[in-house]
Amino acid sequence: GENVEQHPSTLSVQEGDSAVIKCTYSDSASNYFPWYKQELGKRPQLIIDIRSNVGEKKDQRIAVTLNKTAKHFSLHITETQPEDSAVYFCAASNQGAQKLVFGQGTRLTINP
Amino acid sequence: DTAVSQTPKYLVTQMGNDKSIKCEQNLGHDTMYWYKQDSKKFLKIMFSYNNKELIINETVPNRFSPKSPDKAHLNLHINSLELGDSAVYFCASSLSGRNYEQYFGPGTRLTVT
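These protein sequence lines are chains A and B, in that order. Residue 1 is where the first sequence starts when you use the numbering used here, and the numbers rise one by one after that. Residue 1001 is where the second sequence starts when you use the numbering used here, and the numbers rise one by one after that.
Calculated from the structure, these hints are not laboratory results. Owing to the predicted nature of the structure, the values given are computational and were not obtained by experimental measurement. A portion of the hints provided could be inaccurate.
[Stated by the list, open to error] A short list of chain A residues far from chain B (calculated; beta carbon distances all over 12 Å):
1. VAL20
2. ASN67
3. HIS72
[To be verified] Sample of chain A residues at the chain B side, in silico, Cβ under 10 Å:
4. GLN38
5. LYS42
6. ARG43
7. PRO44
8. ASP49
9. GLN98
10. LYS99
The beta-carbon is built from N, C-alpha and C at its ideal position, and this holds for glycine as well.
Can you make the complete structure from the sequences, with help from the hints?
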């Protein structure tokens, strides 16, 4: 089955700097890669996703890149702000499985 | 106007008891899920139902029994609760087909003492 590894487990950056979180997956059939943000005590919420027919996707300060050959994808947050502090999860799935396999999560802290 | 709702939000109970968590979605989705998030924040799928049919059962102990009375509801019943069942349980829903976004409920924090 699919296995998703996420790094780092914790990340601390200065406000205004960029943050990068990386994930690798094992199943070459996976074709959908969402990123979820979970604030303390809240539910996970989708912030951006990418499908396997696209190499990069951007939404304001957030971007995701996908390297299908290497089976890894990354989340990039630029100009970080205090409200970006949260736990971020990557996930992977393929259409047939209809199942999201999550990475272990990255606790991102933005220092003012 | 809550999209995915769960009850109760908190559940504190003793070992050996039986408890249920309820989930409802008003998004018109046809697929619903139960996830368990442990103390280390790891999110793991437990069950998935599509149009009231069980499609995913991730080696969860038989003490856990999901029930989907209709497409908008998915309940989770847990028998003989154990200390290790303490976690946050999230319900989620989505449209099937092309890996549509999963919408999560607010979570139920279960504490077994």
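So which hints don't hold here, by number, going up? none
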